[in-house]
Amino acid sequence: MSEVTLAEAVNMALHHEMARDDDVVVLGEDVGTNGGVFRTTAGLKERFGFKRVMDTPLAETLIAGTAVGMAVQGLRPVAEFQFMGFIYAGMEQMISHAARMRNRTRGRLTCPIVYRAPFGGGIHAPEHHSESTEALFAHIPGLRVVMPTSPRRAYGLLLAAIRDPDPVVFLEPKRIYRAVTQTVDDDGAALPLDTCFTLREGDDVTLISWGAAITETLQAAARLADQGLSCEVIDVATLSPMDRETLLCSVAKTGRAVIVHEACRHGGLGAEVAASLAEAALLDLQAPVVRVTGYDTIMPYYRNEQAYMPQVADIVEAVEQVVAL
Amino acid sequence: MSEVTLAEAVNMALHHEMARDDDVVVLGEDVGTNGGVFRTTAGLKERFGFKRVMDTPLAETLIAGTAVGMAVQGLRPVAEFQFMGFIYAGMEQMISHAARMRNRTRGRLTCPIVYRAPFGGGIHAPEHHSESTEALFAHIPGLRVVMPTSPRRAYGLLLAAIRDPDPVVFLEPKRIYRAVTQTVDDDGAALPLDTCFTLREGDDVTLISWGAAITETLQAAARLADQGLSCEVIDVATLSPMDRETLLCSVAKTGRAVIVHEACRHGGLGAEVAASLAEAALLDLQAPVVRVTGYDTIMPYYRNEQAYMPQVADIVEAVEQVVAL
Amino acid sequence: MKERYEFTVDGHTYLGADGVPVRDLPALADDTERVLAGYRNMVLARTFDAKAIALQRTGQCGTYPSVLGHEAIGSAVGQCMAADDVLVPYYRDHAAQFLRGVTMTEFLLYWGGDERGSNYRDCPEDLPVAVPVSTQCCHAVGVASAFRVRGERRAVLCSVGDGGTSKGDFLESVNVAGAWQLPVVFVVQNNQWAISTPARIQSGSRTLAQKGISGGLPSHRVDGQDYFAVSAVVAEALERARTGKGASVIEAVTYRYGDHTTADDATRYRSADELRRAWEQDGVKRLQTWLYRQGHWDEEREQAWLAKCKQQVDGAVSDYLATEPEPPTAMFDYLFETLPAELIPQYQRLQRKAEGGDR
Amino acid sequence: MKERYEFTVDGHTYLGADGVPVRDLPALADDTERVLAGYRNMVLARTFDAKAIALQRTGQCGTYPSVLGHEAIGSAVGQCMAADDVLVPYYRDHAAQFLRGVTMTEFLLYWGGDERGSNYRDCPEDLPVAVPVSTQCCHAVGVASAFRVRGERRAVLCSVGDGGTSKGDFLESVNVAGAWQLPVVFVVQNNQWAISTPARIQSGSRTLAQKGISGGLPSHRVDGQDYFAVSAVVAEALERARTGKGASVIEAVTYRYGDHTTADDATRYRSADELRRAWEQDGVKRLQTWLYRQGHWDEEREQAWLAKCKQQVDGAVSDYLATEPEPPTAMFDYLFETLPAELIPQYQRLQRKAEGGDR
Ligand SMILES: Cc1ncc(C[n+]2csc(CCOP(=O)(O)OP(=O)(O)O)c2C)c(N)n1
Ligand SMILES: Cc1ncc(C[n+]2csc(CCOP(=O)(O)OP(=O)(O)O)c2C)c(N)n1
Ligand SMILES: [Mg+2]
Ligand SMILES: [Mg+2]
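Residue numbers (our numbering), protein chains in the order written: chain A, 281 to 605; chain B, 281 to 605; chain C, 391 to 749; chain D, 391 to 749.
No lab work stands behind these hints: they were computed from the structure.
Worth double-checking, as some hints may not be accurate.
Cβ-to-Cβ under 10 Å is the rule here; a few derived chain C residues that face chain A [unchecked claim]:
1) Glu515
2) Thr728
3) Ala744
4) Glu745
All residues carry an ideal CB built from backbone N, CA and C; glycine is no exception.
Assemble the whole structure, with the sequences as input and the hints as a guide.
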């Protein structure tokens, strides 16, 4: 048992599962000798050899598609996209094949693939390195979309994703890759892929969030607690399929919800959460569901990126607004 | 003035605008001699020559990206993807460049591109030919997403899209390409790109839809009228940016809304509409906003495609449900 | 820096358009049973093709892509592959797929709008037909990588059309096949047209085989209507692949005699004259002529085989037409291994609707 | 079907690693002013590079990609291009971009996280740096197509790294450039590494130039640290392009002396020995040696020029550091030509927050 970061927990899970299951292979740009640009695959090549830890040519379509070919042969590829901003060339393969192979062949061939990508802003990265486009994947039937927000959840959810018999898009909030450490027991225990995590219990408002924005959401909850407002904080974690049940139960209790995500607002998954709540829990709602999100504009380069991302004060303000109703 | 189909109206608009503006060029697979697999570009090559009507190699990344290069040089490319199911390889170029070039260069270079694609199910087409993934594009800041549902709107909106100084994803509901004819005046009059169309006025419920599902939505409204229920039917038409104003006004009047789209439900744009209504018009709403959509599963091949798509009876049932509250 | 780097593509023809060998035939030509089996399969594919088009024309099948002109390639490929090799086909590989074990009923189900058509009972590792052009190339190198990871001596054969060679998937796959020395053979079926787009608009390259050079792969060009040429070159490439010598690209030049699919009308973009000249190259006729001349086959056996083909095809059509559609809820059954709890209400709703039969 | 199709890639070197010509130099070597200008620009780029890295190390600039090893290619390219040609750069084209008119201040702004850095005042038609690898190749053929549509005699020069040649965008663009005979020159800057991925993992091909063969393009391989070789071959290719003779691919072989970017640590994956040997090829030193021997340049002028470079760079750095960030609302100002009504409330909200300065 050691204190590890989220990035290290990803690495731990990869080590664990590659040791346990020979069918697990890792591929991507710079995942081998270099151990990945965020070091999440460090040590794997040394330990498991270049045949199972494959540095690919620079070709995202290939990365996405070759994983399909490996998977239909019974391997369990964990394919890394270096940044979410470079995942798009892989989308045709993900949408038209990975997500559908089981369905296309009526179960004959399957795609137990994990597509990993670091995502989100806030690390002063160059253009195209700060995307949060999880909604694009969550809208694709046949893909699971999962997002850890702590070292322990990273470890347990990644194990679950690798073991899952179907494709999982596993998005890692890079802003918090090294933000906190936690003791993580390398016991091979997976977490469920269909359950929200309630990070803080409360009665007045439900704060629903995912990804790195969880940090500000928790900070806002703490600040609001000082003001005497009790917030329940839920990390959605599995964006598709989504555990609406937990969300609805919470809102049934609090009667109010604020959704926080970094992605832009229009067509973001916050809309899905809000729509689901409004559809199923309208009578419980004592105030409109409010979304605190990125703007409907392009993520600015880093000098102005903070202005784009939801801040603690924005969340506090939104909560104050919904409790005022 | 002649009676034309939606597909013919697209063709008319292309002819009109290519004649009016030398900078307009058309590119895509089979758009030249063949006139497009749906004949929407028929006659253009004969009239405007192969230099302005370009049959491209079979390469969607290229189609999307070469349009960017043409556009920054001041051309106005209208790029066709043969089916929406084959658009995904073009997404990196659309997201990372077309949508951002103006922003990336602070207005120095711009992308007045129209990306056209036929979309949607219901024509007994093979696998991958029946997609409705408009939500993927509507979530991308910097792209407009537009969808005509009648010959006249196809003509006017396509003219507007071509003239627009920024990239527009123009999605054509192929199920109704030839479903109805309308007289369309070839007068070069464009329609606004930021306004919903109210197709039917009513007081009891607002039906909000887009694409080919408008057909069933209007039929449902007619059937409900027989039952004494007065439905307002709004064709959203411009999915991004979206004219929330019109939607909110209607719901302020009716107090009830049902959203109908063919795309799958989770993360579909119906969520955005519902969330917006619930956020801004909660107090007006007398019932939850209900969505009638495709299922969160993969569009079945054609033997079962009807079971996937929203039917008139589904819409009627949803309306009955919301008025019962 | 060398002064000059040289690359070649070798061309291969054995049987002339008139059915007369232009050079000594490869050894496999002596295996009469094999050649006859190859020929018979070509005729079967052609018989099936005519029937499938007729079914589509009469509203009993969906859009269908004709195999006409691709029979020789498919028969040769299907015969060269070992049972435990994997075929990664495109949508004109009927002839190869029949030999692999895909049934005609499965074929019809697929193009008839039924997912079960890709659940190949008798070649469970082969990939289904890829409709998004060229995407299958990436799967092929993935399958080949799996063989490499496991140290298996198996090869992958991947088909793609001339149009498909323009798309990144093919080119990226050719590149990685070279970089990783993968056991994969790409067969480019150059039928001169990609729907209405002729080869000269598709690429400025003299051959399509030379696209293999971009990945450092040995590259060949064969007459795709010459059963012997395709067989000889594909067999050798597969053997190279299986024995760890790496990947190859083979361009097989042929002609698409039919419309692109039943949804197309080729008279819009190509001349009757071109088509007539192309028919002079027909690979089925060519092999038939050779077989007749060799005395391995004759009109009587031809007629008997045609009758048998018709019978087989009719049987498959009956099975196809007798196959009840799946219940609509099947759309949820293969989405994930286990239906997520979250989706059960949708499933139930669909089930209720389907049972209610209310529309 | 021919028996054999042959393809070649020509290799070009003029100036040996020791600065001594290995063959007669091209005519342009007699243009002393040009060569000196090229050399001075190489030194300027190198001076700028060291400063930019220092700025990043001290928290005054973001992640930055070093130009070290690419100066000769960039200088040659920048000089060969006509003012009305269009450069479609990648992110190691500093030397070319400086000659095109991109200011060092613009450069720093871009890598310093400010969009205005791509609003090139003095070369308004050049494309901005493309971060998504290889995507720029499609833009290049689009720009070239625009020239073709308008019948303009202009050329496009597109840069891409060795890694970039593996991605579909490059290969699809090479293909269409051949099919449409476009006025575009692709310069592959093969610096042997794509972050940690060495060329041998990137591709199985012997050269990267041969990827041009896949599109039927004339393909060349030049020593990318040889200013004369790059200049001669690029000049000719651009002239071909401008005169309607079509596209070319030029692989310029060099070495990335620095880390991939300031976020990388190259010692993790490559040896000090390899790096030391690569430095023996240095193109700046090479040209300097030649210039000294010719008597065109000497230590005194070198020192004077270095001082001048330092001064210019310092000036640019001051301007950069003195540039106030844009107001946050700028994120809406260039989203569309006109801000849609729908987005005005968001804009106003951001404006209020920015003015409130409440965090
Ligand atoms: C990615 C993609 N783009 C477009 C299409 C539509 N389409 C189907 S077949 C075809 C032409 C394919 O030509 P080719 O590769 O030469 O194969 P052929 O049909 O001639 O055998 C096109 C454009 C598709 N299926 N997939
Ligand atoms: C599409 C895409 N994938 C991944 C990356 C991350 N990345 C940035 S540079 C680079 C390596 C590029 O290597 P090369 O093309 O050889 O250019 P070099 O940096 O060596 O000059 C990678 C993988 C990216 N920017 N774009
Ligand atoms: Mg073809
Ligand atoms: Mg490199």
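Outcome of the hint check:
Satisfaction of the interface hint for Glu515 of chain C is found here, the shortest Cβ-Cβ separation to chain A being roughly 7 Å, below the 10 Å cut-off. With a cut of 10 Å, the hint placing Thr728 of chain C at the interface with chain A holds, because the nearest CB-to-CB distance is about 8 Å. Nearest Cβ of chain A to the Cβ of Ala744 of chain C: about 18 Å, over the 10 Å cut. The hint is violated. With a least beta-carbon distance of about 22 Å to chain A, the hint placing Glu745 of chain C at the interface is violated under the 10 Å criterion.
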